[in-house]
Amino acid sequence: MQPICLSFDNGPEPGATPLVLEALARRGLSASFFVIGEKLRDPARRALAERALAEGHRIGNHTLTHGAPLGLRPPAEAVQEIAAAEALLGPLNRARLFRPNGGGGALGPHLLRRSALAHLMAERYTVVLWNAVPRDWDDPEGWPARALALCRAATSPVLLVLHDLRADAMRHLDRVLGALAEEGAAFTPEFPDSCLALREGRLLCDPGNISRKDDAP
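Count along the sequence shown starting at 1, add 1, and that's the number in the working numbering.
The hints are simulated quantities; they were obtained by calculation from the structure and are not laboratory data. Keep in mind that this is a model prediction, so the values were computed, not measured. Virtual Cβ for every residue (Gly too), placed ideally from N, Cα, C. Some hints here could point you the wrong way.
Computed list of lysine to any residue pairs in SDA-like fashion (alpha-carbon distance at most 20 Å, straight line) [what the hints assert, rightly or not]:
1. Lys214 / Ala123
2. Lys214 / Glu56
3. Lys214 / Gly109
4. Lys214 / Ala77
5. Lys214 / Pro110
6. Lys214 / Gly202
Quick list of the computed label-pair ranges, beta carbon to beta carbon [as the list claims (entries may be wrong)]:
7. Pro75 / Ala154: 36 to 42 Å
8. Glu124 / Leu54: 16 to 22 Å
9. Gly29 / Cys206: 17 to 23 Å
10. Gly68 / Gly209: 19 to 25 Å
11. Ala107 / Arg176: 24 to 30 Å
12. Asp43 / Ala96: 20 to 26 Å
13. Ala168 / Pro75: 33 to 39 Å
14. Lys214 / Gly16: 37 to 43 Å
Start from the sequences and build out the full structure, keeping to the hints where you can.
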């Protein structure tokens, strides 16, 4: 089985994030949490992000509001979604990580505007994409089977995207991690190179694969 990198999007949420942190601690695993910036205005949610960081996990920027993908928004708004979230994250985002939202897990030029990409490059972000999305957010009972199938079928390192959003979904996390471990999976906190669009501001892919020109509709 290919190495597996764990990531969690759309938190922090008081009902789900503690379940995730407890499962990861039980297994001795590290993950990356891409948080929605506006949630950090709530002290309880910010405390969960701080807890994740203190427990050895990485925190990244997942836009301010997680509305429409940034490539579908006006250019200035797309940049503001990144910058305003970063202002709320502050010292939590030590590694300058950013993940765009794909509107259901899709990859493509809808992810960013060209101005947003230029901002990310200038600010030396590492932009983290994905290659395995078992859709836990809309199928809390069915996602474990899909996650296991995706990991078993992979022919290259896996960057698994889950969501610390729904407690009814994340209550299955420990079982999934245990099943993967029993099958010999090696977990790593390192992102696969194939899932990085930028590394510390350096472009690693064709910009047309991840961004629309600012004059696009």
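Evaluated hints:
Taking the CA atoms of Lys214 and Ala123, the gap is about 17 Å. The hint holds against a cut of 20 Å. Between the alpha carbons of Lys214 and Glu56 the distance comes to roughly 40 Å, so the proposed pair goes past 20 Å and is violated. About 13 Å separates the Cα atoms of Lys214 and Gly109, which keeps this hinted pair within 20 Å; it holds. As the CA atoms of Lys214 and Ala77 are separated by approximately 13 Å, the hinted pair is consistent with the 20 Å bound.
Proximity of Lys214 to Pro110 is assessed by CA-CA distance (about 9 Å); at most 20 Å being required, the pair is judged to hold. With a C-alpha separation of about 19 Å, the suggested pair Lys214 and Gly202 falls inside the 20 Å cut-off, and the hint holds. A C-beta distance of roughly 39 Å is found between Pro75 and Ala154, which places it inside the suggested range of 36 to 42 Å. A C-beta distance of roughly 20 Å is found between Glu124 and Leu54, which places it inside the suggested range of 16 to 22 Å.
For Gly29 and Cys206, the Cβ-Cβ distance of about 33 Å falls outside the hinted range of 17 to 23 Å, so the restraint is violated. Hint check: Gly68 to Gly209, Cβ distance near 23 Å, so the stated range 19 to 25 Å holds. Between Ala107 and Arg176, the C-beta spacing of about 28 Å keeps the proposed range 24 to 30 Å intact. Checking the proposed 20 to 26 Å range against Asp43 and Ala96 shows it holds: the Cβ atoms sit about 23 Å from each other.
Between Ala168 and Pro75 the beta carbons are some 35 Å apart, a value that agrees with the proposed interval 33 to 39 Å. Checked against the hint of 37 to 43 Å, the pair Lys214 and Gly16 passes, with Cβ atoms roughly 40 Å apart.
Comparing the model with each earlier hint shows violations of hints 2, 9; every other hint is respected.
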